[in-house]
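Residue numbers (UniProt numbering): 1 to 202.
These are calculated hints, taken from the structure and not from any lab test.
Some clues are possibly wrong.
Straight-line alpha carbon distances no greater than 25 Å define the calculated SDA-like cross-link-like pairs of lysine to any residue that follow [stated by the list, open to error]:
id	residue 1	residue 2
1	Lys125	Lys56
2	Lys9	Asn41
3	Lys56	Gly26
4	Lys111	Ser96
5	Lys125	Leu74
6	Lys56	Leu91
7	Lys56	Glu151
8	Lys31	Asn46
9	Lys100	Arg87
10	Lys31	Pro45
11	Lys100	Arg21
12	Lys100	Lys31
13	Lys56	Asp82
14	Lys111	Thr124
Just the calculated beta-carbon pair ranges, DEER-fashion [unchecked claim]:
id	residue 1	residue 2	range
15	His177	Ala18	46 to 52 Å
16	Ala99	Ile19	48 to 54 Å
17	Val25	Ile132	49 to 55 Å
18	Ser92	Leu176	25 to 31 Å
19	Asp17	Leu176	51 to 57 Å
20	Val116	Arg191	25 to 31 Å
21	Ala18	Tyr183	49 to 55 Å
22	Asn41	Arg21	38 to 44 Å
23	His138	Met186	45 to 51 Å
24	Asn174	Phe199	46 to 52 Å
25	Arg21	Gly168	18 to 24 Å
26	Val25	Arg73	52 to 58 Å
27	Ala99	Leu123	17 to 23 Å
28	Val116	Ser96	39 to 45 Å
We put the CB at the ideal spot given by N, CA and C, even for glycine.
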Amino acid sequence: MLREILKGKVQRWRLRDAIHRIDYVGTQERKTGRLHRRVYNVMAPNYLWHIDSNHKLVRWRFIILGGIDWFSRLIMYLHCRDNNTSRATVLSSFLSGVAKFGIPLRVRSDKGLENVFVADFMLTKHGDGSMITAPSTHNQRIERLWRDVYEGVLWYFYNLFYHMEGQGIFDPLNELHLVALHYIYMDEINRRLDIWTEFSIH
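My request is simple: use the sequences and hints to build the entire structure.
If you want it as structure tokens, here you go:
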């Protein structure tokens with residue numbers, strides 16, 4: 001936003017120094033509330049998976065479900081679905097990763113109700129301590145994955161769907177339009193997610 005207003009570049013250190021001079025008290029108060037990186041001691045692959053859902057396309061009822069291995073940063077699964085409130089949908093995506101890579105020792109997710117079946121599955125397989133819950137903003141690996149997935153796949157559909165709305169081709173409040181959009185694009189989004197996942201492995 002600042003770059004657009006000034007029509008130029010300002011070095012971060014200059015901006016930081018200016019804010020420090022203007023609002024010294026505020027900068028000191030903000031320092032105390034800083035989020036510190038969590039330190040994990042992860043022994044090997046499949047020790048800890050991070051799982052979450054991405055809502056960049058939620059306006060059009062597309063939800064991306066994903067899981068990533070903390071140690072290797074390998075994507076365990078990445079699927080586009082039309083519903084993340086269904087616990088069975090989240091579990092089926094998780095189980096697709098389990099079928100490919102095996103059962104992780106632990107899983108980290110947010111406290112959403114959609115993850116209850118995954119928690120039940122993990123507690124059944126590995127017992128207490130196998131499911132870790134915390135706000136998804138603290139789930140660093142998966143948050144970074146979402147940024148990369150947006151840049152690599154989702155931005156195209158995000159811009160396309162908004163363009164279709166702007167041209168009057170598509171109305172997101174019309175159920176028939178949404179059904180047609182899902183019929184046309186759901187498989188294509190999943191295909192591109194699969195290609196992107198395969199590419200990210202190499």
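These are the hints, each one checked on the structure:
Of the pairs offered as hints, the one joining Lys125 and Lys56 is violated, with about 32 Å between alpha carbons and a cut-off of 25 Å exceeded. For the hint pairing Lys9 with Asn41, the CA-to-CA distance comes to about 39 Å; that exceeds 25 Å, so the pair is violated. For a cut-off of 25 Å, the pair hint linking Lys56 to Gly26 is broken: about 32 Å separates their Cα positions. Proposed proximity of Lys111 and Ser96 is supported: the alpha carbons are some 21 Å apart, at most 25 Å.
For the given pair, Lys125 sits about 22 Å from Leu74 by alpha-carbon distance, which is consistent with the 25 Å threshold. Taking the CA atoms of Lys56 and Leu91, the gap is about 21 Å. The hint holds against a cut of 25 Å. Of the supplied pair hints, the one linking Lys56 and Glu151 holds, its CA atoms being roughly 11 Å apart against a limit of 25 Å. Distance check on the hinted pair: Lys31 and Asn46 sit about 35 Å apart at the alpha-carbon level, beyond 25 Å; violated.
Straight-line distance between C-alpha atoms of Lys100 and Arg87 comes to about 20 Å, which keeps the hinted pair within the 25 Å bound. Taken as a hint, the Lys31 and Pro45 pair is broken in the structure, with Cα atoms around 35 Å apart against an allowance of 25 Å. With a CA separation close to 54 Å, the supplied pair Lys100 and Arg21 exceeds the 25 Å bound. As the CA atoms of Lys100 and Lys31 are separated by approximately 43 Å, the hinted pair breaks the 25 Å bound.
Using a Cα cut-off of 25 Å, the hinted pair Lys56 and Asp82 holds, with the two alpha carbons roughly 13 Å apart. About 18 Å separates the Cα atoms of Lys111 and Thr124, which keeps this hinted pair within 25 Å; it holds. Between His177 and Ala18 the CB atoms are about 48 Å apart, so this pair conforms to the stated range of 46 to 52 Å. For the pair Ala99 and Ile19, the beta carbons lie near 50 Å from each other, so the given range of 48 to 54 Å is met.
A C-beta distance of roughly 37 Å is found between Val25 and Ile132, which places it outside the suggested range of 49 to 55 Å. Restraint check, Ser92 to Leu176: a C-beta distance of roughly 27 Å satisfies the suggested window 25 to 31 Å. At about 56 Å, the CB distance of Asp17 to Leu176 agrees with the hint of 51 to 57 Å. With their beta carbons about 30 Å apart, Val116 and Arg191 fall inside the hinted range of 25 to 31 Å.
With their beta carbons about 52 Å apart, Ala18 and Tyr183 fall inside the hinted range of 49 to 55 Å. At about 41 Å, the beta-carbon gap between Asn41 and Arg21 stays in the expected band of 38 to 44 Å. For the hinted restraint 45 to 51 Å between His138 and Met186, the CB-CB distance of approximately 30 Å leaves it violated. Under the hint 46 to 52 Å, the C-beta atoms of Asn174 and Phe199, about 35 Å apart, miss the expected range.
Roughly 50 Å separates the CB atoms of Arg21 and Gly168, a value that falls outside the hinted 18 to 24 Å. A C-beta distance of roughly 40 Å is found between Val25 and Arg73, which places it outside the suggested range of 52 to 58 Å. Between Ala99 and Leu123 the Cβ separation comes to about 19 Å, which falls inside the hinted range of 17 to 23 Å. The hinted range of 39 to 45 Å is not satisfied by Val116 and Ser96, whose Cβ atoms lie roughly 18 Å apart.
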